[in-house]
Amino acid sequence: MHGLVNRSIQCFIRDTYGMDTWQAVVQAAELGFDNFEAMLSYEDSVTHQVIFAAAKILDKPAHTMLEDIGTYLICHKNVGYLRRLLRFGGDTFLEFLLSVDELPDRARLAVPELKLPALELSEVSPGAFSLVMAAEPLGFGHVAMGILRAMADDYGALVYLEYAGLQHGNEIVSVQLLESSFAEGRTFDLAIGV
Amino acid sequence: MGMCDPVVSMPPKILDRLLPMHLLLDAAGVITRVGPTLEKLRGDETLTGQRLDDVFALRRGGGKCWSAQLEDLVHSRLRLHFCRPPCTTFKGILMPMPDGGYLLNLSFGIAVIDAVREYRLTSSDFAPTDLAVEMLYLVEANTAVLDESKKLNMRLQGARLAAEQQASTDTLTGLKNRRAMDEVLARMSFLNSSFAVMQLDLDFFKAVNDTMGHAAGDKVLQVVAQILTNETRMIDLVARVGGDEFVLIFDQMDDVDQLVKIAERIIARLEEPVVFEGKTCIISGSVGLAISSFYDQPDVDKILSDADLALYASKHAGRARVTIYSPELRANPLPEPSDLPELTNAVSS
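Protein chains in written order, with my numbering: chain A, 1 to 194; chain B, 1001 to 1349.
Honestly, the hints are just simulated from the structure, not real lab data. It cannot be assumed that every hint is accurate.
[Said to hold, decoys possible] Stretch-level coverage of chain A by chain B, calculated; a stretch enters the list once three of its residues show a Cβ under 8 Å from a Cβ in chain B:
#1 84-94
#2 104-113
[Stated by the list, open to error] Calculated pairs, DSBU-like style, for lysine-lysine (alpha carbon to alpha carbon, straight line, at most 30 Å):
#3 A:K77 - B:K1151
#4 B:K1315 - B:K1261
#5 B:K1302 - B:K1279
#6 A:K77 - A:K115
#7 B:K1151 - A:K115
#8 B:K1091 - A:K77
#9 B:K1091 - B:K1040
#10 B:K1091 - B:K1013
#11 B:K1219 - B:K1261
#12 B:K1013 - A:K115
#13 A:K115 - A:K56
#14 B:K1091 - B:K1206
All residues carry an ideal CB built from backbone N, CA and C; glycine is no exception.
Using the sequences and the hints, build the whole thing.
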């Protein structure tokens, strides 16, 4: 798994639960080092060890923690750049949602080695969407739930999300867009630092 | 020529959406219509009705008045900028229209990054097919990635410096090692700077090691290192080049009296007893001194070996003293070091 993914998990644990918890995860996962490097790659098994060790230490189901990671990636001040990059997807949550299948390509433009699972969005009925993503590696569906929930808040949209499970090697997330402008969203300037 | 209604088959709303930074000009170069994004850039200023060359300066051709030759500019790539601040630059293309006027379409080109900031543009200010927003995304993504890469590089650089530091440092005492000493001497030789070399051997150290063990010996060496560091300046080099052998190099120093004083002070401090696990270790030191100003053409190896010879003379003369190198030392060879009795009165309870 790419270092950016691993580093995100580390920062999530560190920023949410503190340095001691991260150290405990390092020990429990038998990492043999204290920090992931964002620009290096690691074996997938390392990522799995970290997730299982952290879920055990935090006494949380792994899928809940993965969803929290997704929310963290958008909401925490330490990773503000990701929220901004995603906001380039569109002016409204709907536009953003319709552009999510560009995400793996966008990610690859920025970091050629970063491979995100292929995903596809289809409109099941008006306002109801189904996000289908390759379950390789498994678990990104839960992270996507956290991200979508946080992005909906960011745009001020009201959505209902449900993890619909695994089908034919894909993770399915159902998205219902109830109201596009339910609340005042956060502002987004194309120019950085305005 | 008056303002004429442009004969454009395309409804203006479509033109505005597809080319939000376009201008329509009449045959004389007067602006007759402005796209919404371009309009936004000038704030309250009305562009319609102004002459093109009053609004834009052309960055192309030898300063020709470009309104006089609009027809010469069609179909070619143009670079232009606002005449009045902010002097944003544009890329553009000028096309002739069926009515005898022109269509000038502009884009920010690479200046889009600054323009977005300057004019607070949003994605709706660009045509949906325009890659400007993708470009902004890329710039931002690259900045974030570059930041991470920079951090990684800095950490690697830090690790490298630490490794180099270790490689030139004696791990037991923290002093420099022979490698570091060779580097410093090579540099001084290259710079032709004046310097002094002190060769220092500990006296009775072997006895400490033999009777009290290596832990005691290590402790003594650490104390010695501390003394040598304290008694020298920051710019001097103190290296441990063997078990109980040290070399001190004094940069820009040729005052013999001063150097002898330093050596004597070092010896005096080495003779202060060191207590280790309730037992007292007593050592001393012998010093040989050579100074680059002794030589017409200082040679690093020769100076080192002369200082060593002087050190040997100190040992031979009964230890715990300083000898300054002189050519007589070479003329009258002394017995081999192994002939010297190793004193064993180093330890007392």
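In rising order, the numbers of the hints this structure does not comply with: 5, 8, 12, 14
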